[in-house]
Amino acid sequence: MWSFSNIADSIHQWLNETFHPSVAVIFEMIIAGICVISLFAVLGLVLVLMERKVSAWIQIRMGPNRVGPKGMFQSVADTMKLLVKEGMTPSGADKFLFNLAPFIALVVAMLLMAPLAFAKNFQMWNVNIGVLYISAISSVSVISILIAGWSSNNKYSLMGAMRSGAQIVSYELSAGLSILSVVVLAGSLNLNTIIQSQADGWWIFKGHIPVIISFIIFIIAVTAETNRAPFDLAEAESELTAGFHTEYSGMKFALFFLAEYVNVFIVCAIGATLFFGGWMPFHIGHWQSFNHVMDFIPSSLWFFGKTFFLIFVIMWFRWTFPRLRIDQLLNLEWKYLLPISLFNILLVTAMAIAGWYF
Amino acid sequence: MGPSSMIVLIIAAIVFSSVAILVAKMVTKATTNLQKGEPYECGIPTHGKTWKQLNVGYYLFALIFLIFDVELIFLYPWAVVAKHAGWTALIEIVIFFFILFMGFLYAHKKGALKWK
Numbered sequence: 000m001w002s003f004s005n006i007a008d009s010i011h012q013w014l015n016e017t018f019h020p021s022v023a024v025i026f027e028m029i030i031a032g033i034c035v036i037s038l039f040a041v042l043g044l045v046l047v048l049m050e051r052k053v054s055a056w057i058q059i060r061m062g063p064n065r066v067g068p069k070g071m072f073q074s075v076a077d078t079m080k081l082l083v084k085e086g087m088t089p090s091g092a093d094k095f096l097f098n099l100a101p102f103i104a105l106v107v108a109m110l111l112m113a114p115l116a117f118a119k120n121f122q123m124w125n126v127n128i129g130v131l132y133i134s135a136i137s138s139v140s141v142i143s144i145l146i147a148g149w150s151s152n153n154k155y156s157l158m159g160a161m162r163s164g165a166q167i168v169s170y171e172l173s174a175g176l177s178i179l180s181v182v183v184l185a186g187s188l189n190l191n192t193i194i195q196s197q198a199d200g201w202w203i204f205k206g207h208i209p210v211i212i213s214f215i216i217f218i219i220a221v222t223a224e225t226n227r228a229p230f231d232l233a234e235a236e237s238e239l240t241a242g243f244h245t246e247y248s249g250m251k252f253a254l255f256f257l258a259e260y261v262n263v264f265i266v267c268a269i270g271a272t273l274f275f276g277g278w279m280p281f282h283i284g285h286w287q288s289f290n291h292v293m294d295f296i297p298s299s300l301w302f303f304g305k306t307f308f309l310i311f312v313i314m315w316f317r318w319t320f321p322r323l324r325i326d327q328l329l330n331l332e333w334k335y336l337l338p339i340s341l342f343n344i345l346l347v348t349a350m351a352i353a354g355w356y357f
Numbered sequence: 000m001g002p003s004s005m006i007v008l009i010i011a012a013i014v015f016s017s018v019a020i021l022v023a024k025m026v027t028k029a030t031t032n033l034q035k036g037e038p039y040e041c042g043i044p045t046h047g048k049t050w051k052q053l054n055v056g057y058y059l060f061a062l063i064f065l066i067f068d069v070e071l072i073f074l075y076p077w078a079v080v081a082k083h084a085g086w087t088a089l090i091e092i093v094i095f096f097f098i099l100f101m102g103f104l105y106a107h108k109k110g111a112l113k114w115k
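Protein chains in written order, with numbering that gives the first Met the number 0: chain A, 0 to 357; chain B, 0 to 115.
Just so you know, the hints here were simulated from the structure itself, not pulled from any lab data. Even glycine gets a Cβ: it sits at the ideal position worked out from N, Cα and C. Any given hint might turn out to be false.
[What the hints assert, rightly or not] Interface residues of chain A toward chain B, partial, derived using beta-carbon atoms under 7 Å:
hint, residue
1, 20
2, 106
3, 117
4, 168
[Unchecked claim] If you anchor each label on the Cβ, the simulated ranges turn out as follows:
hint, chain 1, residue 1, chain 2, residue 2, range
5, A, 24, B, 109, 24 to 34 Å
6, A, 238, B, 27, 25 to 35 Å
7, A, 327, B, 66, 19 to 29 Å
8, B, 30, A, 6, 40 to 50 Å
[Unchecked claim] Lysine-lysine pairs mimicking DSS-like chemistry, simulated, CA-CA at most 30 Å apart:
hint, chain 1, residue 1, chain 2, residue 2
9, B, 35, A, 80
10, B, 115, A, 94
11, A, 94, B, 82
12, A, 69, A, 80
13, B, 24, A, 84
14, A, 52, A, 94
15, B, 24, A, 80
16, A, 205, A, 334
17, B, 48, B, 115
18, A, 154, B, 82
19, B, 82, A, 205
20, A, 334, B, 48
21, B, 113, B, 51
22, B, 35, A, 154
23, A, 94, A, 84
24, A, 80, A, 154
25, A, 80, A, 52
26, B, 28, A, 334
27, A, 154, B, 113
28, B, 48, A, 84
29, B, 48, A, 94
30, A, 334, B, 24
31, B, 82, A, 84
Construct the complete structure from the given sequences, taking the supplied hints into account.
This is how it looks when you write it as structure tokens:
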């Protein structure tokens, strides 16, 4: 069968047979790097096109339809346009920090790829503290936004960065707490173990209402953490032109844009892994024959299907809810989401200890 | 691949972004004039310095976040063993949350959670 783990295994075997093991390791690293970079580029192109098509579909218009069949190559054309634009640095800016910020944004987005399980037995790093790793690395991304806003020498940028700082750190709490409810149920921080624990049903079905509540809190919190509408105060076009990346142009702007879309993919992948079972096919308890039929669909298809469904939901939010004001945003987090998620984790714990889940 | 994947990913990210920026720099032709380096503030000339005083609310929320984030870190090891530890784990976390919630109520009473 063609599957990601088989391909990876055969490449590993061939390299070890052909070269000295230490050389083979270096080749594997290079191959992995190239794969991740191409995944990055493809995700950027696909998600930008998907966003424009989904928004067009929701607003009953055509969307991009000139470049290529049905506008398929629109984002490629956009990338070419950004490539030939001059990437300028404003004269009053802090030049070193201004140029450093897009690198940090991209490094953070790239590092979050490590513990994700894209398919069965296909994972870069099966780390035993995967969930902690993800929440630790993803909280660094706020630094790149703060650096970008601070160093731009522009009041819009600075205001956008401060707003985004307050927003991201606030919503990180409820995102972390809602992730923890799945950790309590699965009893492990390892993403692979969490996926294996969903072999007889995904947590969102097994965990009754408390897990559904924590999923809803999770999806709200990650929408805010990735700075997407209705929580896009950091780059509210009508108030701050473009927020923290007002002064960025050309390829540096493109890198911020890419990091933003890849972050959306990553948080959706984490949500799919924790609540919808990652690559685990749709299984129902002990219905052996049904489960066996579901196993015929490749695990990578399940993973990408669930992830893109969640991405679609987040894009759907954008065209459904109006933008919040900053006091409403902070009220929503500190007065509603945080107490609810604290109480919810007690409920989940009681449920896990008493064994009231399927 | 193990922990070395972190190094691979960091190098991959830096190579990717620097190649992109370098290629863009080679393709484009830079020009300068007097107005080009000025901050873009919708056409109105910039007034005063950028790095000024900001609303104190941002710092207040950052401070409260710090308290809750430390609490969240304490919850991680607890969450892993909660199912094995049984009801004692639940009682302990109820006590922990009670103390935490008192602090939260204090901050709320002081008006730290209100945007001014």
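Status of the hints after comparison with the structure:
no. : hint                        : verdict
1   : 20                          : 14 Å, violated
2   : 106                         : 4 Å, holds
3   : 117                         : 13 Å, violated
4   : 168                         : 4 Å, holds
5   : A/24 with B/109: 24 to 34 Å : 57 Å, violated
6   : A/238 with B/27: 25 to 35 Å : 30 Å, holds
7   : A/327 with B/66: 19 to 29 Å : 23 Å, holds
8   : B/30 with A/6: 40 to 50 Å   : 48 Å, holds
9   : B/35 with A/80              : 20 Å, holds
10  : B/115 with A/94             : 34 Å, violated
11  : A/94 with B/82              : 51 Å, violated
12  : A/69 with A/80              : 19 Å, holds
13  : B/24 with A/84              : 9 Å, holds
14  : A/52 with A/94              : 37 Å, violated
15  : B/24 with A/80              : 13 Å, holds
16  : A/205 with A/334            : 29 Å, holds
17  : B/48 with B/115             : 24 Å, holds
18  : A/154 with B/82             : 50 Å, violated
19  : B/82 with A/205             : 16 Å, holds
20  : A/334 with B/48             : 35 Å, violated
21  : B/113 with B/51             : 22 Å, holds
22  : B/35 with A/154             : 17 Å, holds
23  : A/94 with A/84              : 19 Å, holds
24  : A/80 with A/154             : 27 Å, holds
25  : A/80 with A/52              : 20 Å, holds
26  : B/28 with A/334             : 52 Å, violated
27  : A/154 with B/113            : 24 Å, holds
28  : B/48 with A/84              : 29 Å, holds
29  : B/48 with A/94              : 17 Å, holds
30  : A/334 with B/24             : 48 Å, violated
31  : B/82 with A/84              : 56 Å, violated
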